[in-house]
Amino acid sequence: MVDDVSRIGNLPCALGLEELKSLINSGEYLTELNVCGSVAEISDNRVIKYGSKVTRSEAMATELIRKETTIRVPRVLSYTTNSSLDSYARRGYLVMEKLPGETLLEALLDITPAQKAIVIEDLREVVSQLRRLDDPRRWGMFGKSGAFHGGHFNFTRQDDRKAICRPQSPHAMADVRDFALASLRPSWRELYENSGRLAEMIRPAFVERESRFLHPDLRPENILVDETTRHITGIIDWACAGWYPPFWYHYVALKAQRSYSDGVDVNWRDIYQQVFPLYEKEVDGFSVLLEAAQAEGEDYCGREMCDCCE
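Position 153 of the sequence shown, counted from 1, bears residue number 152 in numbering that gives the first Met the number 0, the numbering being contiguous throughout.
Just to be clear, a hint being listed does not mean it is correct.
Said to hold, decoys possible - Cut-off 27 Å, straight-line C-alpha distance, at most; resulting in silico cross-link-like pairs (DSS-like, lysine-lysine): (1) LYS97 / LYS66; (2) LYS280 / LYS254; (3) LYS254 / LYS115; (4) LYS97 / LYS115.
Note that these hints are calculated values from the structure, not bench results.
Take these sequences, add in the hints, and give me the full structure.
Now the structure itself:
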């Protein structure tokens, strides 16, 4: 994490807690409070994202993308926290530039074939730009010491708090598998560990492979497009950005598609299948185990946060 800090320099911290709270109270909510945080517009060109799971690493990742790629991302104007390690009491405050455009999710309601082609071309360039940051032997989130600090890994039954700061071993995919298995009750765990249909189903997902740097939730809600041309005007929400298996884009895109309806699902499928590499077997196996772990595991809420989650 020290190298990550030196890579982007110090984050701005121009606003105090009381001033931030005042801005929130006078602002206009853009999203309501959820597990990731709330977003409020505090001026014509500024927004603030705040909540218990808004962390320094999101600000750092956003600045990394801004400095080392040509992808349009919000400029970080201020980051601060109340410094509590209690995840109930803790609050992070991230003030950012507001980017123009509407979400691709809104655009997908009536997007034309010609506009889809524009989005596809622009999104391919975003993915290509992120490949500049590949570090094949590194795994986990930028600005943190491992992968399991939240996002899709916000569960555990393990008492070992050091587990969330992995994977850092040469066997990263095995770390991911073992972390998910450890959250299952023993009778369920046996179904995935012993030979059988479920064990065979998850095996392709956990073959050791090189990582890719990517946006961990690259779905239409986080892609901004021009309301007329449909060119991409920005990518938002870089929480948990870092190094993941190559099939991650497909996993997230498919999960998003299954939550949509009214033709949005079909339009999104038409786009992502022409942008992201497709890994059918890997995604199926990974989804089965991760969803079981999420259903069985305990959420981090109420636990003391680790030092790199400030």
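Please name the hints from earlier in the document that this structure breaks, with their numbers sorted from lowest to highest.
Every hint satisfied by this model.
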